[in-house]
Amino acid sequence: AIGQPGGWRQGIVPYSFYNAGVQIYDVKNPAQPTIAGYFIPPLADETQLPSYTLGKGVFAIYTEYDRNIIWAFTEDGAYALSTPLLGEPVLGAPAKPWPRR
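All residue numbers for the sequence shown refer to my numbering, where the first residue is 1 and numbers rise by one.
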């Protein structure tokens, strides 16, 4: 993963999929990809946000492979996600700054 700390996981592809949330695909067999995990946050309504912003769900993710955390950015906030597919999350500050300074 260019621009993300740590090394990506062979055969695992996290993907932001708007109102379908975060989808984590197992592509070890490229001819038969499967959904290995997912997270669907609650969608906001008009009492929380203007109507023109609604229905977006998860519009971006950022994966910290060195810490085994997927950040999901939604219309109403950000979520720090963990999954056994990446391994146990490493909490606290990263061992070394990223990007290198």
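Heads up, a few of these hints could be off.
If you anchor each label on the Cβ, the simulated ranges turn out as follows [claimed, not checked]:
#1 Q32 - A93: 38 to 48 angstroms
#2 L91 - P30: 29 to 39 angstroms
#3 K28 - S82: 27 to 37 angstroms
#4 D76 - R101: 18 to 28 angstroms
#5 A20 - R101: 34 to 44 angstroms
#6 P33 - K96: 13 to 23 angstroms
#7 G11 - S82: 13 to 23 angstroms
#8 W98 - E46: 35 to 45 angstroms
#9 N29 - T53: 31 to 41 angstroms
#10 R9 - A60: 14 to 24 angstroms
#11 P97 - F73: 20 to 30 angstroms
#12 T53 - G7: 17 to 27 angstroms
#13 L49 - G7: 21 to 31 angstroms
#14 S51 - P30: 37 to 47 angstroms
I should point out that these hints are in silico values taken from the structure, not numbers from a laboratory. Backbone N, C-alpha and C fix where the C-beta goes; we use that ideal spot for every residue, glycine too.
Each hint, compared with the structure:
1. Q32 - A93: 38 to 48 angstroms: 40 angstroms Cβ-Cβ, so the 38 to 48 angstroms window holds.
2. L91 - P30: 29 to 39 angstroms: This hint holds: roughly 33 angstroms between Cβ atoms.
3. K28 - S82: 27 to 37 angstroms: violated (21 angstroms)
4. D76 - R101: 18 to 28 angstroms: violated (33 angstroms)
5. A20 - R101: 34 to 44 angstroms: With a Cβ separation near 37 angstroms, A20 and R101 satisfy 34 to 44 angstroms, so the hint holds.
6. P33 - K96: 13 to 23 angstroms: Given a distance of about 34 angstroms, which is not inside 13 to 23 angstroms, the answer is violated.
7. G11 - S82: 13 to 23 angstroms: holds (18 angstroms)
8. W98 - E46: 35 to 45 angstroms: holds (39 angstroms)
9. N29 - T53: 31 to 41 angstroms: holds (38 angstroms)
10. R9 - A60: 14 to 24 angstroms: holds (19 angstroms)
11. P97 - F73: 20 to 30 angstroms: holds (22 angstroms)
12. T53 - G7: 17 to 27 angstroms: Violated, since T53 and G7 (Cβ atoms, about 35 angstroms apart) do not stay within the stated range.
13. L49 - G7: 21 to 31 angstroms: violated (37 angstroms)
14. S51 - P30: 37 to 47 angstroms: holds (40 angstroms)
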